[in-house]
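K.L.:
One-letter residues, chain by chain:
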Amino acid sequence: MPASSELATLVRLPENVALHARPAGMFVREAARAVAEIRVEANGRSANAKSILDVLALGATGGTELVMSASGADAAEALERLAELVSSLT
Amino acid sequence: MSDNGFVGLVIISHSAPLAQGLAELVGQVAGPDVPIEAIGGGPEGSLGTDGGRVLEALQRAAQGSGSVVLMDLGSSVLSVKAALGELGEDELALLRVADAPLVEGAVAAGVMASTGDDVDGVLRAAEEARHARKL
Numbered sequence: 000m001p002a003s004s005e006l007a008t009l010v011r012l013p014e015n016v017a018l019h020a021r022p023a024g025m026f027v028r029e030a031a032r033a034v035a036e037i038r039v040e041a042n043g044r045s046a047n048a049k050s051i052l053d054v055l056a057l058g059a060t061g062g063t064e065l066v067m068s069a070s071g072a073d074a075a076e077a078l079e080r081l082a083e084l085v086s087s088l089t
Numbered sequence: 000m001s002d003n004g005f006v007g008l009v010i011i012s013h014s015a016p017l018a019q020g021l022a023e024l025v026g027q028v029a030g031p032d033v034p035i036e037a038i039g040g041g042p043e044g045s046l047g048t049d050g051g052r053v054l055e056a057l058q059r060a061a062q063g064s065g066s067v068v069l070m071d072l073g074s075s076v077l078s079v080k081a082a083l084g085e086l087g088e089d090e091l092a093l094l095r096v097a098d099a100p101l102v103e104g105a106v107a108a109g110v111m112a113s114t115g116d117d118v119d120g121v122l123r124a125a126e127e128a129r130h131a132r133k134l
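Chains as they are written, first to last, in numbering that gives the first Met the number 0: chain A, 0 to 89; chain B, 0 to 134.
Isolated chain B (complex conformation) (with noise of 0.2 Å):
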């Protein structure tokens, strides 16, 4: 992941298509600076998570300014847990694991992350989001 200044977001999904297309929207809400990756579906492209893709998208996260995790559902949050026990604690420090709803979550914490804001606070606006009334 590229060393801007601006925190990062990781966003792990079931389905690399919903990864992808979250990823496309963040984008186009908080701007060009802050680096997304995507990662989703199992290791034959099936719906699912992989362990290993999940902890190699958490090792090049872990740089610069740091990194928030969103993730979906289920398995998804058992392989970042995986993942982080994989790490070692310079790279733990750069990274935070967001508890919160994945698409708002990452809205919130992309825009954030967009004024410039370090890895805490953009991790409080994704957990924010959980409070965030629709209707």
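The shape of chain A in the complex, shown without the other chains (with noise of 0.2 Å):
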């Protein structure tokens, strides 16, 4: 596989769940532990998904779609782990 490959995935906020404060938080710490540079996009806007001001500044409320792209080793294992933990915030 090429070094500069890319992956992404979509997910869907739930419905009662914004990426605010805890939730965006609890994102950002699972985007942290992965090598692979991983943005997230929303409402237009792209945010680096290690960077709790970016991620925040998404604005991005229950309901919302978000295309995550990943690109380094361990981009497949970030984008599934960053999906599942998308799909279950309450």
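Calculated from the structure, these hints are not laboratory results.
Even glycine gets a Cβ: it sits at the ideal position worked out from N, Cα and C.
Among these hints, one or two may not hold up.
[Said to hold, decoys possible] Ranges between beta-carbon positions, derived for each pair:
no., chain 1, residue 1, chain 2, residue 2, range
1, B, Ser45, A, Ala82, 31 to 41 Å
2, A, Thr60, B, Glu88, 41 to 51 Å
3, A, Arg32, B, Ala81, 34 to 44 Å
4, B, Ala92, A, Asn42, 40 to 50 Å
5, B, Asp2, A, Leu84, 20 to 30 Å
6, A, Arg44, B, Leu72, 23 to 33 Å
[Unchecked claim] Covered stretches of chain B (chain A as the covering partner; in silico rule of three or more C-beta atoms under 8 Å from a C-beta of chain A):
no., segment
7, 26 to 40
8, 94 to 107
9, 120 to 134
Please assemble the complex out of the two chains, which come individually in their own frames, going by the hints.
P.N.:
Below you can see the structure in the form of structure tokens.
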């Protein structure tokens, strides 16, 4: 696999959970565990998934579709873990 | 401050409710692991800074994995500088003072600390908050 290959996945925030405060912190902590570079897009904005201020600035409210993309050694695993975390947020 | 392996934060403000409210917000975003100490207000509970309490807080914070100190404005900064002058080399080695916006810096630093990063990584996160765009 070429080193530059980028993986992407799409996940929807639960209807009643915004990517604010506690959920955003959980998201960023999970992203920070990965070596891969990870970005998350919502509402036409793109954020570094490892930066809490970036992620908070997305203003992603409940039900928003998040497009997550990653490149790097553990990109696939990282996206899988993040997608799982997002869908299980309460 | 508890030594649980995580870098701590010291939040210093002219206002006790401001410092406490920010500590609460950071605790919510960063989770329960990051030790946070909020020091706000003057000696009489007025708006202001209390150099003695700032010094004591920095002494407590200079333990374990160390701490990053964030201040609001003016005399908060001066009181931190004065307190640093009272500390020994061993204590200074465990403290970092962030030149950062207070709210954004504390949130960014808190989340970075919660990932288990060291005191320099947490300082960097706080100071990178200077460039964060809100709009």
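K.L.:
Look at each hint and say if it fits the structure.
P.N.:
Here is what the structure says about each hint:
One distance hint, 31 to 41 Å for the beta-carbon pair B/Ser45 and A/Ala82, is violated here, with the actual separation near 50 Å. Restraint check, A/Thr60 to B/Glu88: a C-beta distance of roughly 49 Å satisfies the suggested window 41 to 51 Å. With their beta carbons about 39 Å apart, A/Arg32 and B/Ala81 fall inside the hinted range of 34 to 44 Å. For the hinted restraint 40 to 50 Å between B/Ala92 and A/Asn42, the CB-CB distance of approximately 44 Å keeps it satisfied.
A beta carbon spacing of about 29 Å between B/Asp2 and A/Leu84 agrees with the range 20 to 30 Å that was offered as a hint. Range check, A/Arg44 to B/Leu72: Cβ separation about 30 Å, and the 23 to 33 Å hint holds. For the segment 26 to 40 of chain B, the proposed coverage by chain A is satisfied: 4 residues have a C-beta within less than 8 Å of a C-beta in that chain, meeting the threshold of three. A stretch counts as covered by a chain when three or more of its residues have a beta carbon under 8 Å from one of that chain; for the segment 94 to 107 of chain B and chain A the count is 3, and the coverage holds.
Requiring three or more residues with a Cβ within less than 8 Å of a Cβ of chain A, the coverage given for the segment 120 to 134 of chain B holds, as 5 such residues are present.
Checked against the numbered hints above, the structure breaks only hint 1 and satisfies the rest.
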